[in-house]
Amino acid sequence: MEMTSEFDRDGKGDGVDTTFLPGLPRDQGDLEDGRRAQRQADRWLITGTLLMGTLVLALVGLPIFVWGLVLLRRARRAGLSVRPLIVTLIGYVIILDGGLNSLGWALDVFANHSLISRTFFSAWGNLMDGGYFWHYNELSMGGAGAPGEKSWVLICVLVVFPMRMAAAIGFLRMRRWGLQWMIVTCWFGVVVWLGYIINMTVYADVRYAGVALPVLGWWLYNVFYITPFLAIPYLHTVDRKIFASDADDEPVKVESTAAEVSSDIDSLPPGTTPSYARMHKGIKWGLYVCLVGLVIDGALTIPLVAIWYGWPTLSPTQICSELMKVRYSDDTLECQQPYPLGGPPFGGAPEAANQRTAHDKWGIQPVPEYPRLGFRELVTIHEHRLAETHPEPPK
0 MEMTSEFDRD GKGDGVDTTF LPGLPRDQGD LEDGRRAQRQ ADRWLITGTL LMGTLVLALV
60 GLPIFVWGLV LLRRARRAGL SVRPLIVTLI GYVIILDGGL NSLGWALDVF ANHSLISRTF
120 FSAWGNLMDG GYFWHYNELS MGGAGAPGEK SWVLICVLVV FPMRMAAAIG FLRMRRWGLQ
180 WMIVTCWFGV VVWLGYIINM TVYADVRYAG VALPVLGWWL YNVFYITPFL AIPYLHTVDR
240 KIFASDADDE PVKVESTAAE VSSDIDSLPP GTTPSYARMH KGIKWGLYVC LVGLVIDGAL
300 TIPLVAIWYG WPTLSPTQIC SELMKVRYSD DTLECQQPYP LGGPPFGGAP EAANQRTAHD
360 KWGIQPVPEY PRLGFRELVT IHEHRLAETH PEPPK
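When you line the sequence shown up against numbering that gives the first Met the number 0, it's residues 0 to 394, in that order.
The hints are simulated quantities; they were obtained by calculation from the structure and are not laboratory data.
Please read these numbers as outputs of a predicted model, since none were measured by experiment.
Fair warning: there could be bad hints in the mix.
Claimed, not checked - With a straight-line cut-off of 27 Å between C-alpha atoms, the simulated BS3-like cross-links for lysine-lysine are:
| no. | residue 1 | residue 2 |
| --- | --- | --- |
| 1 | K324 | K280 |
| 2 | K360 | K324 |
| 3 | K149 | K280 |
| 4 | K283 | K149 |
| 5 | K280 | K240 |
The task is simple: from the sequences and hints, build the whole structure.
Following this line, the structure appears as structure tokens:
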């Protein structure tokens, strides 16, 4: 018998055991205690995940999330049947991964003419991924103009990430359909990752020419979004008996004798068998690393990008205007703020419609010829332009 178990608490050792799913205590009182502990931990975990998903409040959400994990661990050590820690980590980190990606790409699709999108996406694109700088807001629907980018954005925002988050909810509820759909959506994530990277490689000139931190910067930012890769080995090796069948809300009881279950097996989390114990432990620590990496990405990216491009010396509107001048090699352009509500994707003309000043080398693959911007170089460019247009009067 390869199921993790808890032997009788009365010490009689009659050998009859009930395995977790989603909590399998000996009596109704223990069942309620386990459910109460699980709900208490989930309140902290959900609150922490929501805060981490806002980007700017990610550092506030992390300790709240960690406290939820601590409560879950305490409940488990107290003998209560609660969700395994690794299941909790996989479920919530995948929800966070999908939420962060959905937030950023939804802004690119539905709010690409807002000030934060025109400033942050353009700055981030010029720093790491030229697909979000090159001809930004020139497509009829606005947003990133790199070849193939919009197809990936739309399929992920409208299909992949909602499916993944729905599967994670079922997974956290310890339902068999949640496990099955987690497997499907995580493999779908592998396809998206590989396809997206191939697209970036094929159009590397657009993506990385004139970018301050090409390739390495992109990988440093995105490497922590590999949660689906980490989850797949666990999803295929976890004992599925800990997940309730779709038609059965009642706990599934698995009986075994004490002789069949060694003390080593008894110390393992529910669903983990001895042959996969070391791998599951490594996956758990990898999830911790990804969680912290996602929080750092979310909390620090916006302020670091803003500082790189001149804030607080330059306002967000001034940064937006200076980036437009660089992108289209036209010193007369200004960032219109606020932009009319009827603009893209609601039918109006995009901000950069019919521009003819951008310097590109057109061939099988376009190569942008805007200059690479260094740390706070926009401030120098802005001050130099002001000095030329508004020279100081002679003393």
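Regarding the pair K283 and K149, is the alpha-carbon distance no greater than 27 Å?
Not OK: K283 and K149 at ~34 Å, beyond 27 Å, violated.
Given the hint that K280 pairs with K240, does the C-alpha gap stay at or below 27 Å?
20 Å, holds
Is the straight-line distance between the alpha-carbon of K324 and that of K280 27 Å or less?
51 Å, violated
Mind checking the alpha carbons of K360 and K324 for me, to see if they're no more than 27 Å apart?
18 Å, holds
Hey, K149 versus K280, does the alpha-carbon distance stay inside 27 Å?
38 Å, violated
The structure is inconsistent with the numbered hints 1, 3 and 4, although it conforms to all the rest.
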